[in-house]
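There are 2 protein chains.
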Amino acid sequence: MDLELAKRLAQPNTTKIVLCVLDGLGGLARQETLRSELERADIPNLDRLTVRSEVGLTVPVGIGITPGSGPGHLALFGYDPYRFDIGRGVLEAVGIDFELGPDDVAARGNFCTLDASGNVSDRRAGRVPTEVSASLVERLRSITIPGAQLFVEPVREHRFVLVLRAPGLGEAVSTTDPQKTGLPPLRAGGADPASERTAALVNEFSAQAAALLADQPQANGLVLRGFARYPDLPQFPEIWGLRAAALAVYPMYRGLARLAGMTALACPGGMEEQLAVIRQRWDDFDFFFVHYKKTDAAGEDGDFERKTHALEEFDAHVPELLALGADVLMIAGDHSTPALMAAHSWHPVPFLLRSSYCREGHTVHFNEQECLKGSLGTFPAVDVMPLAMAHAMRFQKYGA
Amino acid sequence: MDLELAKRLAQPNTTKIVLCVLDGLGGLARQETLRSELERADIPNLDRLTVRSEVGLTVPVGIGITPGSGPGHLALFGYDPYRFDIGRGVLEAVGIDFELGPDDVAARGNFCTLDASGNVSDRRAGRVPTEVSASLVERLRSITIPGAQLFVEPVREHRFVLVLRAPGLGEAVSTTDPQKTGLPPLRAGGADPASERTAALVNEFSAQAAALLADQPQANGLVLRGFARYPDLPQFPEIWGLRAAALAVYPMYRGLARLAGMTALACPGGMEEQLAVIRQRWDDFDFFFVHYKKTDAAGEDGDFERKTHALEEFDAHVPELLALGADVLMIAGDHSTPALMAAHSWHPVPFLLRSSYCREGHTVHFNEQECLKGSLGTFPAVDVMPLAMAHAMRFQKYGA
Numbered sequence: 001m002d003l004e005l006a007k008r009l010a011q012p013n014t015t016k017i018v019l020c021v022l023d024g025l026g027g028l029a030r031q032e033t034l035r036s037e038l039e040r041a042d043i044p045n046l047d048r049l050t051v052r053s054e055v056g057l058t059v060p061v062g063i064g065i066t067p068g069s070g071p072g073h074l075a076l077f078g079y080d081p082y083r084f085d086i087g088r089g090v091l092e093a094v095g096i097d098f099e100l101g102p103d104d105v106a107a108r109g110n111f112c113t114l115d116a117s118g119n120v121s122d123r124r125a126g127r128v129p130t131e132v133s134a135s136l137v138e139r140l141r142s143i144t145i146p147g148a149q150l151f152v153e154p155v156r157e158h159r160f161v162l163v164l165r166a167p168g169l170g171e172a173v174s175t176t177d178p179q180k181t182g183l184p185p186l187r188a189g190g191a192d193p194a195s196e197r198t199a200a201l202v203n204e205f206s207a208q209a210a211a212l213l214a215d216q217p218q219a220n221g222l223v224l225r226g227f228a229r230y231p232d233l234p235q236f237p238e239i240w241g242l243r244a245a246a247l248a249v250y251p252m253y254r255g256l257a258r259l260a261g262m263t264a265l266a267c268p269g270g271m272e273e274q275l276a277v278i279r280q281r282w283d284d285f286d287f288f289f290v291h292y293k294k295t296d297a298a299g300e301d302g303d304f305e306r307k308t309h310a311l312e313e314f315d316a317h318v319p320e321l322l323a324l325g326a327d328v329l330m331i332a333g334d335h336s337t338p339a340l341m342a343a344h345s346w347h348p349v350p351f352l353l354r355s356s357y358c359r360e361g362h363t364v365h366f367n368e369q370e371c372l373k374g375s376l377g378t379f380p381a382v383d384v385m386p387l388a389m390a391h392a393m394r395f396q397k398y399g400a
Numbered sequence: 001m002d003l004e005l006a007k008r009l010a011q012p013n014t015t016k017i018v019l020c021v022l023d024g025l026g027g028l029a030r031q032e033t034l035r036s037e038l039e040r041a042d043i044p045n046l047d048r049l050t051v052r053s054e055v056g057l058t059v060p061v062g063i064g065i066t067p068g069s070g071p072g073h074l075a076l077f078g079y080d081p082y083r084f085d086i087g088r089g090v091l092e093a094v095g096i097d098f099e100l101g102p103d104d105v106a107a108r109g110n111f112c113t114l115d116a117s118g119n120v121s122d123r124r125a126g127r128v129p130t131e132v133s134a135s136l137v138e139r140l141r142s143i144t145i146p147g148a149q150l151f152v153e154p155v156r157e158h159r160f161v162l163v164l165r166a167p168g169l170g171e172a173v174s175t176t177d178p179q180k181t182g183l184p185p186l187r188a189g190g191a192d193p194a195s196e197r198t199a200a201l202v203n204e205f206s207a208q209a210a211a212l213l214a215d216q217p218q219a220n221g222l223v224l225r226g227f228a229r230y231p232d233l234p235q236f237p238e239i240w241g242l243r244a245a246a247l248a249v250y251p252m253y254r255g256l257a258r259l260a261g262m263t264a265l266a267c268p269g270g271m272e273e274q275l276a277v278i279r280q281r282w283d284d285f286d287f288f289f290v291h292y293k294k295t296d297a298a299g300e301d302g303d304f305e306r307k308t309h310a311l312e313e314f315d316a317h318v319p320e321l322l323a324l325g326a327d328v329l330m331i332a333g334d335h336s337t338p339a340l341m342a343a344h345s346w347h348p349v350p351f352l353l354r355s356s357y358c359r360e361g362h363t364v365h366f367n368e369q370e371c372l373k374g375s376l377g378t379f380p381a382v383d384v385m386p387l388a389m390a391h392a393m394r395f396q397k398y399g400a
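Chains A and B, in that order, give the protein sequences. Numbered per the numbering used here, the first sequence spans residues 1 to 400. Numbered per the numbering used here, the second sequence spans residues 1 to 400.
One chain only, chain A, in its complex shape (with noise of 0.2 Å):
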């Protein structure tokens, strides 16, 4: 829904919201026994809560359309996801717990091989392991660049992300990537004259760089991309009037929820301790967001297995979840990771909202052919904000 109609239509309440995020949540029957993940699983309180409870198929994104990480749960949050788009360098960024702010330009870069004649001779520089990567960026952050601020900082492998800090950088950027070998790294070109601005620090960077690299064996160049400003997003606590919380173990998603205005609380244990800090910090928010990542990773490793054990284990949270006493209790998935495909997909993945005001269906297992049939059919993931709102009692009436 548009935002500002949401922010209008926001009242105040007392009530709680639990957005309990799933990742990869919606699977595929295996050809063997016709059962998903899901329904697979011995999930007996996702069951239960499933006959209390409205339960439906989000479309993540659109029809066909399958989502990284960021456009999935920026839908889960409200926004359209076609129209905020996170750039990848703010992703990589927020993805090591990097804390962006509104002058930053972040670049996801990768170290290379260079042969003889300076042109690229393997992308990824050979995969460089890890520590290398790090002594490497350790290196690059001797680099200055009078009238901005640099950060280098490692990920993994060849990886690493380059964030430029200084007033009104654009983001129109050109890669330095020239994407295939045989070619040399690129001169970075900017749109606009604010794009060119970083587009001229990128440079003198990669400049720099070449020289400080240039005894190394593997990682001896560096190729620069997904040039990102710092995304403006509207204020997740001033368009839904609600002090929320984001409770994930992995920084990608501490930091998307951050970029959307939520406050991020340590949790580094899994589950049980992000519930325990929702009960210590019950009064202080009205939204708690709990991220878990424990099927998705198993789906994208194509271990259906895991993935059903990922799904009990979960399932054996369910009654201290339950105990929260939350008016408004949603199980959802950012988008679906079925163990079969071993990656990310666009099916319309299973949802769950328990709250006072249910239309209860005749649902009684929580799976994707259950809840296809659900109350809330199949819809946009975007709507989930509007309709938790609308459960909530924290939303007014449109119109006379």
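Any given hint might turn out to be false.
If chains are identical, the list can't say which one is meant, so a pair holds when it fits in one copy or spans any two.
When the alpha-carbon atoms are kept at most 25 Å apart in a straight line, the in silico SDA-like pairs for lysine to any residue are as follows [claimed, not checked]: (1) LYS180 to SER356; (2) LYS7 to ASP85; (3) LYS294 to CYS358; (4) LYS294 to PRO44.
To be clear, the hints were calculated from the coordinates, so they are not data collected in a lab. As the structure is a prediction and not an experimental result, all values here were calculated from the model.
Put chain B on the given structure of chain A with help from the hints.
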């Protein structure tokens, strides 16, 4: 979806997509049996395929909107049918296999009867026989106007097509049809300078035609309407990255496919030959659009039994269709044509998609009622192509 985004997400692959359009596929139940054409038909192959597929209902254009053949097909090809509106004149021209070019403005022409005072007394010239009409068209071909090429082509009965060819002609031209009897044909007017040039050509053509037709007893006048330039459609192969072939017996559908940039392959002999041509050209294309007309023709004639038989006849070809070995096979319709209505209708249309990544439902029959309960639910026809691209592994992830 946005076609620029489609272009960005499309990625190369070797997968093949086959889209079978059964014209006017959807129907309505007869009161005596409470069964629709599809429910009545004996279609064991489609039923068997349904078990292993995702099924749903497509809304061709919008709820309550009955589409013509143009919008019905454009939506299935991924074009927003509200945004890409193909003018009447162009549809008439492609409907007789006239190959329109970018400098053309086409118009639908009607022969009419004028009384002694020059007023229209019959807007269809007593539905003058096609042979008479064709000989009058021959006469009209003697008309020449400096600076433009003219093409006059017979259609059927009182109908013909006029194509004006000259660079920079506009299409915002008012009709010369007074829309009722007792009034004389109107002078064409243009809404802008380019269209004024077209209008001048139209008026000159009409004046010369009046002299040539004056001796006729019935068809002694003509009116022109539906002026339309060659539509500037984004080209299907560029949007989706698919080498696309169209296999249609009727010129209108070949023409529509050509406007979209598909290659229309000759196959005058029906499904048998359409399938043979696909087999021959399998390696040359990634996407095959197969058009089956009999369902619509029977529906339009209000012939319930014949439509049922047309469905059964199609069903007999399903094993051969499957034997093609496409990665994605779709059975769709451009709109419903319930025999009970003897006309196109707005009712959602059964749709089936088979690939290796199906969330197979528990639907066992291919008909309106079962598709309603299918895993795809009721969705816009314009989303058929994104869905096909996803199942063909030809779409990258959206966002990181």
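Going down the list of hints, with the structure as the test:
1. In this homomeric assembly, LYS180 and SER356 never come within 25 Å of each other (Cα to Cα): the closest approach is 57 Å inside a single copy and 32 Å across copies.
2. Both within a single protomer and between protomers do LYS7 and ASP85 lie at most 25 Å apart by alpha-carbon distance, with minima of 21 Å and 16 Å respectively.
3. For the identical chains of this complex, LYS294 and CYS358 are inter-copy neighbours only, at 24 Å across copies versus 29 Å inside a copy, given an alpha-carbon limit of 25 Å.
4. Within a single copy, LYS294 and PRO44 get their C-alpha atoms as close as 19 Å, which meets the 25 Å cut-off; across copies the closest is 43 Å, which misses it.
Going through the hint list in order, the structure does not satisfy hint 1, though it satisfies all others.
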